[in-house]
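Take a look at the letters that make up each chain.
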Amino acid sequence: MPNYIRNGLRSGFVFGIVIIFLILIGFTRVANELLAPLVKGTSQLPMGFILFMALLGLWAGASAAKRSPVLMGMPDTYQKWNAIISGLIAGIIGGAFVGLFIFVLGSIQTKGMDMRVYLAQLSPDAIKMLTLGRVAWAGAFSIWLIFVITGIAGGLLALFSDSFKLGERMSSSWKNMSAGIGDSAIAKTVNQNAVVRYILYGIFIIILLILPSFLGKYWNYTLGTIGIYIIMGLGINIIIGMAGLLNLGYVAFFAVGAYTVGLLTAPAPQGLHWNFWIGLLVAMVMAAFVGWLLGIPVLRLRGDYLAIVTLGFGEMIRVLVRSKALSSIFGGPQGVRDIAGPMIFGQRFTEREYLYLIVAVIIFTIFITIRLQNSHLGRAWGAMREDQTVAQAMGINIFRYKLLAFALGAAIGGLAGVMFASRNQYTGPEDHTLMVSVNVLALVIVGGMGSIPGIILGSFVLKGLPELLRQIEDYRLLVFGGLLVVMMIVKPEGLWPSKRRQLEMSDVDLPPETDALQVLEEQSSDQKLRGES
Amino acid sequence: MSSQNIVLETRKVTKRFGGLTAVSGVNLVIPEKGIISVIGPNGAGKTTFFNCVSGFYQPDEGEIIFSDRNNKHVDLVGFAPDNIVALGISRTYQNIRLFANMTAVENIMVGMHPHLKTTWFEAILRTPRLVKEEKDSITEATRLLQFVGLAGAGDELARNLPYGAQRRLEIARALANKPRLLLLDEPTAGMNNKETAEMTEFIRRLRSELGISIFLIEHDMHVVMGISDYITVLDYGEKIAEGTPEQIQKNPRVIEAYLGRGAAAGLHKKSAAADVVAQ
Numbered sequence: 000m001p002n003y004i005r006n007g008l009r010s011g012f013v014f015g016i017v018i019i020f021l022i023l024i025g026f027t028r029v030a031n032e033l034l035a036p037l038v039k040g041t042s043q044l045p046m047g048f049i050l051f052m053a054l055l056g057l058w059a060g061a062s063a064a065k066r067s068p069v070l071m072g073m074p075d076t077y078q079k080w081n082a083i084i085s086g087l088i089a090g091i092i093g094g095a096f097v098g099l100f101i102f103v104l105g106s107i108q109t110k111g112m113d114m115r116v117y118l119a120q121l122s123p124d125a126i127k128m129l130t131l132g133r134v135a136w137a138g139a140f141s142i143w144l145i146f147v148i149t150g151i152a153g154g155l156l157a158l159f160s161d162s163f164k165l166g167e168r169m170s171s172s173w174k175n176m177s178a179g180i181g182d183s184a185i186a187k188t189v190n191q192n193a194v195v196r197y198i199l200y201g202i203f204i205i206i207l208l209i210l211p212s213f214l215g216k217y218w219n220y221t222l223g224t225i226g227i228y229i230i231m232g233l234g235i236n237i238i239i240g241m242a243g244l245l246n247l248g249y250v251a252f253f254a255v256g257a258y259t260v261g262l263l264t265a266p267a268p269q270g271l272h273w274n275f276w277i278g279l280l281v282a283m284v285m286a287a288f289v290g291w292l293l294g295i296p297v298l299r300l301r302g303d304y305l306a307i308v309t310l311g312f313g314e315m316i317r318v319l320v321r322s323k324a325l326s327s328i329f330g331g332p333q334g335v336r337d338i339a340g341p342m343i344f345g346q347r348f349t350e351r352e353y354l355y356l357i358v359a360v361i362i363f364t365i366f367i368t369i370r371l372q373n374s375h376l377g378r379a380w381g382a383m384r385e386d387q388t389v390a391q392a393m394g395i396n397i398f399r400y401k402l403l404a405f406a407l408g409a410a411i412g413g414l415a416g417v418m419f420a421s422r423n424q425y426t427g428p429e430d431h432t433l434m435v436s437v438n439v440l441a442l443v444i445v446g447g448m449g450s451i452p453g454i455i456l457g458s459f460v461l462k463g464l465p466e467l468l469r470q471i472e473d474y475r476l477l478v479f480g481g482l483l484v485v486m487m488i489v490k491p492e493g494l495w496p497s498k499r500r501q502l503e504m505s506d507v508d509l510p511p512e513t514d515a516l517q518v519l520e521e522q523s524s525d526q527k528l529r530g531e532s
Numbered sequence: 000m001s002s003q004n005i006v007l008e009t010r011k012v013t014k015r016f017g018g019l020t021a022v023s024g025v026n027l028v029i030p031e032k033g034i035i036s037v038i039g040p041n042g043a044g045k046t047t048f049f050n051c052v053s054g055f056y057q058p059d060e061g062e063i064i065f066s067d068r069n070n071k072h073v074d075l076v077g078f079a080p081d082n083i084v085a086l087g088i089s090r091t092y093q094n095i096r097l098f099a100n101m102t103a104v105e106n107i108m109v110g111m112h113p114h115l116k117t118t119w120f121e122a123i124l125r126t127p128r129l130v131k132e133e134k135d136s137i138t139e140a141t142r143l144l145q146f147v148g149l150a151g152a153g154d155e156l157a158r159n160l161p162y163g164a165q166r167r168l169e170i171a172r173a174l175a176n177k178p179r180l181l182l183l184d185e186p187t188a189g190m191n192n193k194e195t196a197e198m199t200e201f202i203r204r205l206r207s208e209l210g211i212s213i214f215l216i217e218h219d220m221h222v223v224m225g226i227s228d229y230i231t232v233l234d235y236g237e238k239i240a241e242g243t244p245e246q247i248q249k250n251p252r253v254i255e256a257y258l259g260r261g262a263a264a265g266l267h268k269k270s271a272a273a274d275v276v277a278q
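Protein chains in written order, with numbering that gives the first Met the number 0: chain V, 0 to 532; chain G, 0 to 278.
If you are wondering where the hints come from, they were derived from the structure by calculation, not from laboratory data.
Predicted model, so just to flag it, every value in this text is computed and none were measured.
Here a beta-carbon is modelled for each residue, glycine too, at the ideal position from N, C-alpha and C.
Check each hint, because a few of them may be wrong.
What the hints assert, rightly or not - Listed next, the in silico BS3-like pairs over lysine-lysine satisfying Cα-Cα at most 30 Å (straight line):
| id | chain 1 | residue 1 | chain 2 | residue 2 |
| --- | --- | --- | --- | --- |
| 1 | G | Lys177 | G | Lys193 |
| 2 | G | Lys177 | G | Lys134 |
| 3 | V | Lys110 | V | Lys127 |
| 4 | G | Lys131 | G | Lys177 |
| 5 | G | Lys131 | G | Lys193 |
| 6 | G | Lys32 | G | Lys249 |
| 7 | G | Lys134 | V | Lys498 |
| 8 | V | Lys498 | G | Lys131 |
| 9 | V | Lys498 | G | Lys116 |
As the list claims (entries may be wrong) - Looking from chain V toward chain G, a few residues come up when the C-beta cut is under 7 Å (computed):
| id | residue |
| --- | --- |
| 10 | Asn2 |
| 11 | Arg5 |
| 12 | Met393 |
This is chain V alone, in the form it adopts within the complex (with noise of 0.2 Å):
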């Protein structure tokens, strides 16, 4: 079979799949409503909806023609209307995938079953959308034609964006300007000179500062709830990102951080009223040792089975938080109530106040993490995550380091709890669940592993999109999973990763970035050793 061929049943095959997966997690409606006012039509057709299949067949077309190989650099062999033929069949296999898929569900419908009862998402007007609103052939029948028609079209403008260099010259003036900042007088001085270094991050700091007051409330939670998120990832950072040990029950440093915070200034059930930032001193005191006594038994075991451990260590510290006969101590599953916050001319913070004080934290966070990261101690962690036993052999005590890494990042994660219960002036064992864990896993592995900036976009892909498309909400998980083995595939390295992980990530040798190399090999051939000191 020609390449070009199975390219297009490859690209339609992929595109069918995945479109009805979105179908079927209700994703095509939000997209119609979102599509829609770009498309003002007057017809009674759900003009997003059909947007929207005609931007994914000219996707899928596209995608075919442009692995096919005269758009390649191998035209002598074929032809360019290969490329518009790989389209075509593209358009073909994937429209009748969802062809297919819009006539059953259509012909079920006509039947008069309600599909609710399997898949929540495709109640009858959603159904109605798919077929356009015609019977379940007709419009079946116009989905696979959008997919035909779009598909060639995307055949062609991979063709026609070749013939022009069009990605070509993209990527390379693309390159040229981000080679330009990266030399440019402003990006050196940015990059050398700490005090105009510091007074960018001080724009940045002023503008941080002034948006909340312009945000709503809702958002202002929202955003809350995001720098939480980041504070568990940078603090989870310095446990995996930097020392590298697979921790899955982060959410226990995060829970006694929390509930330490909780019983020591609510009413009940240990009636203490503490002061709030006494009380967040002592919790973050707290969780950095359950951190350091967790790490004890738990850090003499390697990769998986640590994972497991902590994995289970989580689970065990919201079971305890839980249990009635530990009711009078943790509150049971009603929860501590009524925790205290900072005050403010005897107010209570504000949601607004909440995230000026969150804000401060990741910054005060951040500038731990560079230092830890900098310092000799980034260096044992890295030298440790790169070859434990050579590490051992340069005199790093691993099993202390280890330790420290785990208290560091308890402490952080007690910090985060901290910020949650105190502002929800609330908290309970369901606030501890093994899923925040894997968010924050699943944020630090999106965003890029040991990068800080990766962690905060990380924070706001997994926990802000959710909140913008509020509608797959149920389906987040589903999401989520997707998103992780998407990214584990295209970008294994994160979203934004540090340079030092993404060298780590790819076994390709970088070429030399100075020529010093060159004297260095000159200097090896034609000198003795003796002669160059």
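Since chain V is already given, all that's left is putting chain G on it; use the hints.
Same frame as chain V, but now just chain G:
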């Protein structure tokens, strides 16, 4: 030999893996500023013995007495590798094991770890003491790079360095610990004649300029015979010979171990045997 200070002395060191005795009752003495080699056929237990000294394996029997920087005698058996390093024994590896994604300077700075005094708390506060320590570390690392002939390559990633340079960087990293004893596991493996000659010269320099005692595993007989004060020969975990290079070259048991009994019996002239060993 007895007139000199002894840096390391092993007494009847034995290491077993299940039923296999990898190292069996090996006695060995390393004098101060000595270059001592251990040779033997593949599987003779050389690297196992090395690993016993550096703490990666715990010997089942025997003592390893090390005289540390203060000339205090310590039995290394039972010590973890990191403690042994801190006492003043550094090592390199047969297959280079640098921290590939760290720069050359960072690699050396990791090697300085036992000499760093500051704590994590100081790292966060960035106290003057820590800043000074970091500055000193970088100066020292740069000096070491220069010493091993890698001046100017400090910011290169270890993985990007050419093979010979990686070997030298590994030695520089070991030197960062200011060792009293340096264990080199086949430092000339994979090198051509010219590079091997350079490395031999360099090892001599380590002794003459830094006063370090060197314990060497080496397969290249030219290197071993040319550089060693004393040679210990292991076969099946047992010491079968010990002596100066000349003595070893003439020793029939060594020839037998390398060439087999029949071949050794066939070699009547000692000079011919020495030639074969020297190959």
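Outcome of the hint check:
1. With a CA separation close to 28 Å, the supplied pair Lys177 of chain G and Lys193 of chain G stays within the 30 Å bound.
2. Distance check on the hinted pair: Lys177 of chain G and Lys134 of chain G sit about 17 Å apart at the alpha-carbon level, within 30 Å; holds.
3. Restraint check for Lys110 of chain V and Lys127 of chain V: the C-alpha separation of about 14 Å stays at or below 30 Å, so the hint holds.
4. Between Lys131 of chain G and Lys177 of chain G the alpha-carbon distance is near 19 Å, which keeps this suggested pair within the 30 Å criterion.
5. Restraint check for Lys131 of chain G and Lys193 of chain G: not satisfied, since their Cα atoms lie roughly 40 Å apart, outside the 30 Å limit.
6. At roughly 25 Å between alpha-carbon atoms, Lys32 of chain G and Lys249 of chain G fall within 30 Å of each other, so this suggested pair holds.
7. For the given pair, Lys134 of chain G sits about 24 Å from Lys498 of chain V by alpha-carbon distance, which is consistent with the 30 Å threshold.
8. Simply put, Lys498 of chain V and Lys131 of chain G have alpha-carbon atoms about 27 Å apart, close enough for the 30 Å limit, and the pair holds.
9. For the proposed pair Lys498 of chain V and Lys116 of chain G, the alpha carbon gap of about 29 Å is at most 30 Å, so the pair holds.
10. Annotation: interface hint on Asn2 of chain V violated; nearest CB of chain G at approximately 36 Å, more than 7 Å.
11. With a cut of 7 Å, the hint placing Arg5 of chain V at the interface with chain G is violated, because the nearest CB-to-CB distance is about 37 Å.
12. Taken as an interface hint, Met393 of chain V checks out: its beta carbon lies about 5 Å from the nearest beta carbon of chain G, inside 7 Å.
Consistency note: the structure conflicts with the earlier hints numbered 5, 10, 11.
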